[in-house]
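Need the complex rebuilt from these two chains, each delivered in its own frame; the hints are there to steer you.
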Amino acid sequence: MTRRMDHDDLLARVRETYQALDPVPAEVLASARAALAWRRPGAELAGLTGDHTGLAGAVRGTPARTLTFTARDTVIELEIAGTGREREIAGRLAPPSPARIRVRHPALPPEGPETRADDTGHFALPGIPEGLVSLLFHLPDGTSVVTSWIRL
Amino acid sequence: MDGRDTADAAELVERARHGDGAAWARLVELYSGLLWSVARSYGLGEADAGDAVQTTWLRLVERIDGIERPGAVGRWLVVTVRRESMRTARRASRQAALGAADALPAAAREPEEIALARERFGQVAAALQALPRRCQVLLRLFALAPSYAELSAALEMPVGSIGPTRARCLESLLRRLA
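Going line by line, the protein sequences match chains A and B.
Okay, so the first sequence: first residue is 1 according to our numbering, each after it adds one.
Okay, so the second sequence: first residue is 1001 according to our numbering, each after it adds one.
Chain B on its own, in the form it takes in the complex (with noise of 0.2 Å):
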């Protein structure tokens, strides 16, 4: 991992301005797990997320003549869903607040692989859940970011601090598994 735009990512973005299907889903893949948790992270519920991820593809598309710097695209799309994260949130509780019965609620997902990866994943889970939020967030987007350039804009941290960071969450994680 490093903090340099990526030439891949810059070629992904040029085919894809110019319709290429086949580098927008290499795209898709490289990224949405990353968008996904980001969203995830602000406490939005799945439909709530799935909104912000949506949303922030489209923003890419509509935007993607224009990007000054195609190699930082993942960056751009970390911002990018933060800030569709944030207003998500702030409609869902204005929505509230006007005493709209509008909320979706985010239905139980919990089909059978989920709960057999439940098992499987149990004791990393909860050792996970047992941490401070803040390291809780910071190793979840750390495992799935392509580099520090998104995880510093994921995490609003300059890069070089997210390595003492990720350390002691990593070891406090490391005591809790003990």
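If we strip away everything but chain A, and leave its shape as in the complex, we get (with noise of 0.2 Å):
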């Protein structure tokens, strides 16, 4: 056997070993299939420009979380509180515009939470659960703009 060949077959068992000692587990395979699903083709997406954790304007002595997206012409700001289970998650759209609303959360079923920002662009969103969440927003005009995916 060549030297090539000792070294092919050894990183073939090699493979084999992590496979069969560390495998993708099976709801990570699944999550990963189901990703494409929260695909918006039609929606701008927003993305993460700001992740600031401060005491400042916190909420009950707990840190709160600022988050800022930005699209080309929409900026939303979040402030996230909890540290528990739930967030709750308090947003204001910028320009001020009033919206639609939809949480987008793997844990949750797809039509997710719902809500509406006022006049002034302020909305809030209590009791969502930990983990990784996207909001959606209609906007007036038809348009619409999705925020890149964060793990709360």
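Source of the hints: derived by calculation from the structure; they are not laboratory data.
What follows is a set of in silico ranges between Cβ atoms, one per label pair, in the way DEER data are often shown:
1) His122(A) - Gly1163(B): 51 to 59 Å
2) Ala124(A) - Arg1015(B): 36 to 44 Å
3) Asp1065(B) - Gly131(A): 21 to 29 Å
4) Val75(A) - Arg1176(B): 50 to 58 Å
5) Glu88(A) - Ala1025(B): 35 to 43 Å
6) Ala1022(B) - Pro126(A): 35 to 43 Å
7) Ala1130(B) - Ala12(A): 13 to 21 Å
8) Gln1129(B) - Glu86(A): 35 to 43 Å
Just some of the chain A residues that point at chain B, by a computed CB distance under 7 Å:
9) Leu10
10) Val14
11) Thr17
12) Leu45
From the three backbone atoms N, C-alpha and C, an ideal C-beta is built for every residue, glycine too.
Shown next as structure tokens:
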């Protein structure tokens, strides 16, 4: 056997060993396959441009986290409170605009919680489970904006 | 294996952009083993590694229309899972520092088939564990990466220097198995 074949054979055993002893868990594969269903081709992506945690503005003495998402014409600011299993989100759209808002969360049904932003662009989402979250905004002009996924 | 973009990956991304679930499932099948291995190589427990991998696929979904080189999607995924793994590790330690008892204890996952596999692969596993950590990571990722392009992204090494390092690590593993 040539050295080259020795190495290929050995690498195959390394692969088998890791696949047998530390396989990708079935639920990780299932969530990966399910990810495509979260695609919203018509919505503009608002990417994460700020993520700060501090005691300033904190509710009930727990640290508050402030997230900023930026799209071409819209900025979305979220203040996240709560450190247990649930989060409270207080949000603001700039420039101020009413909007219909849907919570996207892999642990919730696809038609997740909904709320509305008022004329000043403010909205509140209490009782959101920890985990991955993305918010989808339907704006009055018929366009929509979706935030990048963030782990709460 | 080579360092070029693959036409296959480009076609799968193009089809997934149009909502083709079968093409997406094929991408998941091609790259999940590598992404999991990268996350585990950052020392993440099962729950955290699962988080990093899940987030990586959701990032691909949100960015899929803007990916400039669909043929290099494997590399893009690897860079993303590295960033998500670092972020997860950082969040875990910050929570610990804040004293929140939130950290999910990873359940010991040892079903029977893994116990059996441990017997069957015990010798190779023991030899791997005796290698320097850098070699363990390199061999694991090398064994699971579809091509050099993903590998060099995963290891932060230029493609040209991977070959010699791989050969040294394999020789060292062979000696321990002799």
